[in-house]
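Spelled out, the chains give:
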Amino acid sequence: MTATTPLWEVFIRPRNGLAHKHVGSLHAADEVMALQSARDVYTRRGEGNSIWVVPSAAITASDPDQTAENFEPTADKIYRHPTFYEIPDDVGHM
Amino acid sequence: MYSQGLIGADGRTEETPEFLARFQQRIDAEEKIEPKDEMPEGYRRTLVRQIGQHAHSEIVGMLPEGNWITRAPSLRRKAALLAKVQDEGGHGLYLYSAAETLGVSREEMTEELLSGKAKYSSIFNYPTLNWADMGTIGWLVDGAAIMNQIPLCRCSFGPYARAMIRVCKEESFHQRQGYEIVMTLAQGTPGQKAMAQDSLNRWWWPSLMMFGPHDADSQHSDQSMAWKIKRFTNDELRQKFIDATVPQAEYLGLALPDPDLKWNEEKGGYDHGPIDWDEFWRVVKGHGPMARDRIKARKKAWEDGAWVREAALAHAEKRRARKIAAE
Chain S
15 MTATTPLWEV
25 FIRPRNGLAH
35 KHVGSLHAAD
45 EVMALQSARD
55 VYTRRGEGNS
65 IWVVPSAAIT
75 ASDPDQTAEN
85 FEPTADKIYR
95 HPTFYEIPDD
105 VGHM
Chain B
799 MYSQGLIGAD
809 GRTEETPEFL
819 ARFQQRIDAE
829 EKIEPKDEMP
839 EGYRRTLVRQ
849 IGQHAHSEIV
859 GMLPEGNWIT
869 RAPSLRRKAA
879 LLAKVQDEGG
889 HGLYLYSAAE
899 TLGVSREEMT
909 EELLSGKAKY
919 SSIFNYPTLN
929 WADMGTIGWL
939 VDGAAIMNQI
949 PLCRCSFGPY
959 ARAMIRVCKE
969 ESFHQRQGYE
979 IVMTLAQGTP
989 GQKAMAQDSL
999 NRWWWPSLMM
1009 FGPHDADSQH
1019 SDQSMAWKIK
1029 RFTNDELRQK
1039 FIDATVPQAE
1049 YLGLALPDPD
1059 LKWNEEKGGY
1069 DHGPIDWDEF
1079 WRVVKGHGPM
1089 ARDRIKARKK
1099 AWEDGAWVRE
1109 AALAHAEKRR
1119 ARKIAAE
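Just so you know, the sequences run in chain order S and B. Following the working numbering, the numbering of the first sequence begins with 15 at its first residue and continues without gaps. Following the working numbering, the numbering of the second sequence begins with 799 at its first residue and continues without gaps.
So that you can see chain B by itself, here it is in the shape it has in the complex:
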């Protein structure tokens, strides 16, 4: 999602040229960087930001789907959706742990999410209006996430790469269960098919925006590519996603809502129409339709859970004291 994690990243760094050259040499030799290794401050800061945003995206990403768990149309769908949302919670936890190895605390990251200082993927600021959206999110949103996350398994920072390997293993089920939902609707009654088409119309462009701004407008890309935090540019990943998705939509007999979408023999990929970047920046800057609800829900969860965290710590302290007394 997660190319957006680099928006506003501050890769500036003040180390000596010798230090930076030595570090770059390790990166170029495909050595993994581990938390206690020396690293440029800009590298650390960029990763804290990107992994933090990625973790927040997983956690906030539970909300649009959590919205439909109680209204899933069958037990099979409900069990799958519950498992998917639980996976997302787990993915958030792997990622927070990876970020914490860089010296940022869980409390700091939570605080930054709740205060609005830290961002999460723009896609989760769109509303989930009906059941078809559960299918489309799995198919497109998780599909786009996988496209982004597979190269991250080879990220130069060890803990992030290891977390991504776990995430990617689990994520494939998310996309397949989504596609199956859309397929069921597309092969159903005309009303059900129309529902699938409407959902696709609403989610297609926001899904393409998940890859972040065009390369020409992505100012922090070069440094992140050199440090191998990122392996492909935003536009390269977006192109891969489009090329993979068009035949999937054709199979369903659904139309992607882009009249300019057409095969380009020369480049061996599809050309697409212009992306509404004004909408993208509006949503990224926190004016998406659901932005306030999402943060409100996270704040409520954090505040309502405070007594549980406090009680658990008090209980642990009491048991520790008793154990010491008994010794």
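Chain S with its partners taken away, still in its complex shape:
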């Protein structure tokens, strides 16, 4: 008899000028109840002024087993960083 109540991920913007940030998840039957519940559960002390709720099932995540091949190649590409390039002090700040 008991259908499971869907899971939602909650994102909150602490204040204007900052991005929404993931704060946790909750169960709710639909998006209206998910928003109401997110307000009660995650913003009892002025944590933010805007909430996003996203069905957890809608999130596609990278595979942790592929973490190495996805993210390690960036470590040896130090030429992507400004400090790789030698600029004489005389040139000044660049």
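What the hints contain is simulated information worked out from the structure, not anything from laboratory work. Quick caveat: nothing in here was measured; it's all calculated off a predicted structure. Backbone N, C-alpha and C fix where the C-beta goes; we use that ideal spot for every residue, glycine too.
These stretches of chain S come out as covered by chain B in the derived footprint (C-beta under 8 angstroms, 3 or more residues):
hint, region
1, 18–32
2, 47–55
Taking lysine-lysine pairs in the BS3-like style, the calculated list, with each CA pair at most 27 angstroms apart, reads:
hint, chain 1, residue 1, chain 2, residue 2
3, B, K967, B, K830
4, S, K35, B, K967
5, B, K915, B, K1098
6, B, K991, B, K1060
7, B, K1065, B, K1038
8, S, K35, B, K834
9, S, K91, B, K830
10, S, K35, B, K830
11, B, K1026, B, K967
12, B, K1038, B, K1060
13, B, K1097, B, K915
14, B, K1097, B, K876
Use these hints to put chain B onto chain S, whose structure you have.
Below, chain B alone, put in the same frame as chain S:
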């Protein structure tokens, strides 16, 4: 509360030594483990049990205090108690979510609580007899919980650690509002002071039991310490709690009900008298004075709420169908 969450935990695991060594290396390097990372089955099982029990403790913990909301002596006290009980509901929800990342469903956890298979902290099986108990619970029970929860903010499992950081931020208000209640009584009429003392007498030993069995009798501690699920032993945390609480009681002019309690210069902490472990195990095994009432109340809440959950889902389904039809 929550050292008790490891009682009966099954940390056995069947991975290869290489796998376990690789995992241990990550733990030793203070890397956080996230839900989709590979982890020993024993680690997962231990965490599901501990986080689940912690969540249940928050939810059942609303009952002893909910009992006094309508009888709070002033609007100020009532607003604070309502906010505290609401926080506890919120803490339960953060924790259930953290446990769910390990592949256990909310329904399974609820079912285990209602059937008595899953436990919650022994402290909530004691009755709240009068208003002074609201103060003592905030001061001692939340104080003991904070002592346990602060190291859990550094737990190796990411979602649990993150939930604990939120909980700890909110919990400090709980302890302070409790201490303020006890202080008001302790500085009141002789009758009020006696009420505070009586409450302290009843809650002191059960609060010390919240830290779980002595280290020598805590068989699952070693594995949990190695995996950094736990950072301090039960006895270490209990000692910290006692050392922090004695001066607070002295300030109130109340006596802790332990004739053997005395400062030990050498260890730089207080020695305390023997804990009644028979009582502890009786309560843990479900024979506490309020055990049946607590589960009965949770069952009633679950059953009475069934139509609301069903109606909400039916309504969501109807709206979805309408939206599709309109497209």
